[in-house]
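Participant: What follows is each chain in one-letter form.
Protein chains: 2
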Amino acid sequence: MRALFLEGKRAEILDVPGPEPQPEMAIVRVELAGICNTDLELVKGYMGFRGILGHEFVGVVEDGPEPWRGVRVVGEINFACGRCEYCARGLGRHCPQRRVMGIQNADGSFAEWVSVPLQNLHAIPDTLSNEAAVFVEPLAAAFEILEQVDVAPGLDCVVLGDGKLGLLVAQVLQVAGARVLAVGRHPEKLAILSGRGLETRLASDWSPEPTSLVVEATGSAEGFELAVQATRPRGTLVLKSTVAGHAEVDLAPLVIHEIQVVGSRCGPFAPALEALARNHVDVQPLIFDRVGLKQADQGLSLATQPGALKVLIEP
Amino acid sequence: MRALFLEGKRAEILDVPGPEPQPEMAIVRVELAGICNTDLELVKGYMGFRGILGHEFVGVVEDGPEPWRGVRVVGEINFACGRCEYCARGLGRHCPQRRVMGIQNADGSFAEWVSVPLQNLHAIPDTLSNEAAVFVEPLAAAFEILEQVDVAPGLDCVVLGDGKLGLLVAQVLQVAGARVLAVGRHPEKLAILSGRGLETRLASDWSPEPTSLVVEATGSAEGFELAVQATRPRGTLVLKSTVAGHAEVDLAPLVIHEIQVVGSRCGPFAPALEALARNHVDVQPLIFDRVGLKQADQGLSLATQPGALKVLIEP
Numbered sequence: 001m002r003a004l005f006l007e008g009k010r011a012e013i014l015d016v017p018g019p020e021p022q023p024e025m026a027i028v029r030v031e032l033a034g035i036c037n038t039d040l041e042l043v044k045g046y047m048g049f050r051g052i053l054g055h056e057f058v059g060v061v062e063d064g065p066e067p068w069r070g071v072r073v074v075g076e077i078n079f080a081c082g083r084c085e086y087c088a089r090g091l092g093r094h095c096p097q098r099r100v101m102g103i104q105n106a107d108g109s110f111a112e113w114v115s116v117p118l119q120n121l122h123a124i125p126d127t128l129s130n131e132a133a134v135f136v137e138p139l140a141a142a143f144e145i146l147e148q149v150d151v152a153p154g155l156d157c158v159v160l161g162d163g164k165l166g167l168l169v170a171q172v173l174q175v176a177g178a179r180v181l182a183v184g185r186h187p188e189k190l191a192i193l194s195g196r197g198l199e200t201r202l203a204s205d206w207s208p209e210p211t212s213l214v215v216e217a218t219g220s221a222e223g224f225e226l227a228v229q230a231t232r233p234r235g236t237l238v239l240k241s242t243v244a245g246h247a248e249v250d251l252a253p254l255v256i257h258e259i260q261v262v263g264s265r266c267g268p269f270a271p272a273l274e275a276l277a278r279n280h281v282d283v284q285p286l287i288f289d290r291v292g293l294k295q296a297d298q299g300l301s302l303a304t305q306p307g308a309l310k311v312l313i314e315p
Numbered sequence: 001m002r003a004l005f006l007e008g009k010r011a012e013i014l015d016v017p018g019p020e021p022q023p024e025m026a027i028v029r030v031e032l033a034g035i036c037n038t039d040l041e042l043v044k045g046y047m048g049f050r051g052i053l054g055h056e057f058v059g060v061v062e063d064g065p066e067p068w069r070g071v072r073v074v075g076e077i078n079f080a081c082g083r084c085e086y087c088a089r090g091l092g093r094h095c096p097q098r099r100v101m102g103i104q105n106a107d108g109s110f111a112e113w114v115s116v117p118l119q120n121l122h123a124i125p126d127t128l129s130n131e132a133a134v135f136v137e138p139l140a141a142a143f144e145i146l147e148q149v150d151v152a153p154g155l156d157c158v159v160l161g162d163g164k165l166g167l168l169v170a171q172v173l174q175v176a177g178a179r180v181l182a183v184g185r186h187p188e189k190l191a192i193l194s195g196r197g198l199e200t201r202l203a204s205d206w207s208p209e210p211t212s213l214v215v216e217a218t219g220s221a222e223g224f225e226l227a228v229q230a231t232r233p234r235g236t237l238v239l240k241s242t243v244a245g246h247a248e249v250d251l252a253p254l255v256i257h258e259i260q261v262v263g264s265r266c267g268p269f270a271p272a273l274e275a276l277a278r279n280h281v282d283v284q285p286l287i288f289d290r291v292g293l294k295q296a297d298q299g300l301s302l303a304t305q306p307g308a309l310k311v312l313i314e315p
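Protein sequences, first through last, are from chains A and B.
One point on numbering: in my numbering, the residue at position 105 of the first sequence is 105, and numbering is uninterrupted.
One point on numbering: in my numbering, the residue at position 121 of the second sequence is 121, and numbering is uninterrupted.
Here chain A stands alone, though its shape is the one from the complex (with noise of 0.2 Å):
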């Protein structure tokens, strides 16, 4: 089958074998896939992978046991042991043992299919588009946050970062009932979320005050100093962005003012499929171009272009 296939930091498309059928699998037709800033980091060398890329799709089960041939899916990407601590108290997606889709040790769903373990699978509802469905997996990442920290309605927040993650992070903070100040640099990705009711501000037009809850997406180091000062004192900081590498940060600040700084990563899939589902979250003006299978490494370029947004891949 066709897929784009990371070695070293060349990502190729190449003719490879397609999954072999296995227990407790399915094998998912892909019908379209998004590229996420973390493919983008994999390319560079983040984490050392090598297999086919992607880990953001919906698709359609073609093995598997009969309840699931020829459901439309989305998909789970931590590939948890299921036997260990982390597995038995839910926490399977810090499972030691695990493999995840596309970023460690499992292949992902940039090719026309995809092996993914049965219990990762979401069926998703007849109404869901595949242009909506493809954004379950990093709005999962989003709501995330709500199971971290206790977003009461009214409360003050900020999500530094206007790029994919921080407008999806934004709008389900919103749902959540917050009052959200969205802050970023592209006056064209705030106003999806203005066109949403939700206040926006350049970042060269606004200065850190303190704030119950800021959300740092920007994905840049410069990034957690501008959120460690917008964090008010026994405020909560969440870290969205994986900034690789080492940074230069003032650690000071989070003892003086007795900070919270959560990091968190994947989440769960079912309310974000339901915020979908109900309309809660609008994720089509974040579709910033498409491509074939064909021309996927071509995709990985275009998500690099400044102000580029989602890339989807369409097998």
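Wrong hints could be hidden among the right ones.
Said to hold, decoys possible - Now the in silico label distances, taken between C-beta atoms and shown as ranges:
hint, chain 1, residue 1, chain 2, residue 2, range
1, B, Pro23, A, Asp205, 38 to 48 Å
2, B, Ser220, A, Gly8, 32 to 42 Å
3, B, Ser204, A, Gly307, 44 to 54 Å
4, A, Arg196, B, Glu199, 50 to 60 Å
5, B, Glu222, A, Pro23, 40 to 50 Å
6, B, Leu14, A, Pro210, 36 to 46 Å
7, B, Ser220, A, Glu62, 50 to 60 Å
8, B, Thr304, A, Gly195, 53 to 63 Å
9, B, Val71, A, Glu147, 47 to 57 Å
10, B, Arg278, A, Glu147, 30 to 40 Å
11, A, Pro23, B, Gly154, 36 to 46 Å
12, B, Ala88, A, Glu24, 54 to 64 Å
13, B, Glu199, A, Glu62, 53 to 63 Å
14, B, His186, A, Gly307, 50 to 60 Å
Hint data in this document are derived by calculation from the structure and do not stem from the laboratory.
From the three backbone atoms N, C-alpha and C, an ideal C-beta is built for every residue, glycine too.
Dock chain B against chain A, hints included.
Facilitator: Only chain B this time, still in chain A's reference frame:
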């Protein structure tokens, strides 16, 4: 009166005017004071403080309303405004208008007398010696962790750092029922803890293992990195020591493992007083030396010696 006065980076014994009676303030005759690492940082220029140093003390109220006169007391160091939103929420220790004894806009306790808000005073039981009571303030900082983090009995904890604060934190976590491993560089300091039944390890014999709760009390940037490595996925890392200036840190593991970092500063006096009164915590072995107020500047030098623990000042 005699006092250890800091101006610029020079701390010297001076004859200065004593505190004047003021409404809502008590004048306390200092009987014993303790040198904290923060004092040493202040002398290096931290906070740009100018005034009388010192924030750990025990003394007797000489001037104030009738019920307080003659009472032996310790005092909380954050002088809150009592009128702002933080004060209303019981977070006076984070009052933006606060003065802080011996640290920010308020004279400290390395003097014959010190002025303290009545609301900050805590009477101490007759059974408690001055040598124990002088540890209430730093011990309260250790108890702050229990205010911020749920420490269930049996929780596995690592305390990094066998300085004064680390030794107090390890004991407090033990009192809370946690399974504590204390890691440090000084066999003689760790022996204080092993004598009380705590597990200890020399840093050279230790490598980070995933732990539910890690307390960073080393006061070094490398301490933070080690602490992150020692924190299990979804675990908690309490930052107790302020590392002056910027440190090179890798924030990615916080996100990948969804670690929660909790900055922790001053704490509640009541549980600290109680723990000392009930002999739940042993502070006597932490006394390294004592000097007269006339030699308070030499006390600072003593406190910087390798292996030094608490240096007390007797006016």
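Participant: Evaluate each hint against the coordinates.
Facilitator: Structure-based check of all given hints:
1. Range check, B:Pro23 to A:Asp205: about 44 Å between beta-carbon atoms, so the 38 to 48 Å window is met.
2. In this structure, B:Ser220 and A:Gly8 meet the distance hint of 32 to 42 Å, their C-beta atoms being roughly 36 Å apart.
3. Separated by about 52 Å at the C-beta atoms, B:Ser204 and A:Gly307 satisfy the suggested range of 44 to 54 Å.
4. Between A:Arg196 and B:Glu199 the C-beta distance comes to about 54 Å, which sits within the given range of 50 to 60 Å.
5. Checked against the given bound of 40 to 50 Å, the beta carbons of B:Glu222 and A:Pro23, roughly 46 Å apart, stay inside it.
6. For B:Leu14 and A:Pro210, the hinted distance range of 36 to 46 Å is satisfied, since their beta carbons lie about 37 Å from each other.
7. Between B:Ser220 and A:Glu62, the C-beta spacing of about 55 Å keeps the proposed range 50 to 60 Å intact.
8. Between B:Thr304 and A:Gly195 the Cβ separation comes to about 59 Å, which falls inside the hinted range of 53 to 63 Å.
9. At about 49 Å, the beta-carbon gap between B:Val71 and A:Glu147 stays in the expected band of 47 to 57 Å.
10. About 39 Å separates the C-beta atoms of B:Arg278 and A:Glu147, a value consistent with the hinted range of 30 to 40 Å.
11. With their beta carbons about 38 Å apart, A:Pro23 and B:Gly154 fall inside the hinted range of 36 to 46 Å.
12. Checked against the hint of 54 to 64 Å, the pair B:Ala88 and A:Glu24 passes, with Cβ atoms roughly 56 Å apart.
13. B:Glu199 and A:Glu62 have their C-beta atoms about 54 Å apart, which keeps the hinted 53 to 63 Å range intact.
14. The hinted window of 50 to 60 Å between B:His186 and A:Gly307 holds, with their beta carbons roughly 55 Å apart.
Figure legend: structure checked against the earlier numbered hints; every hint is met.
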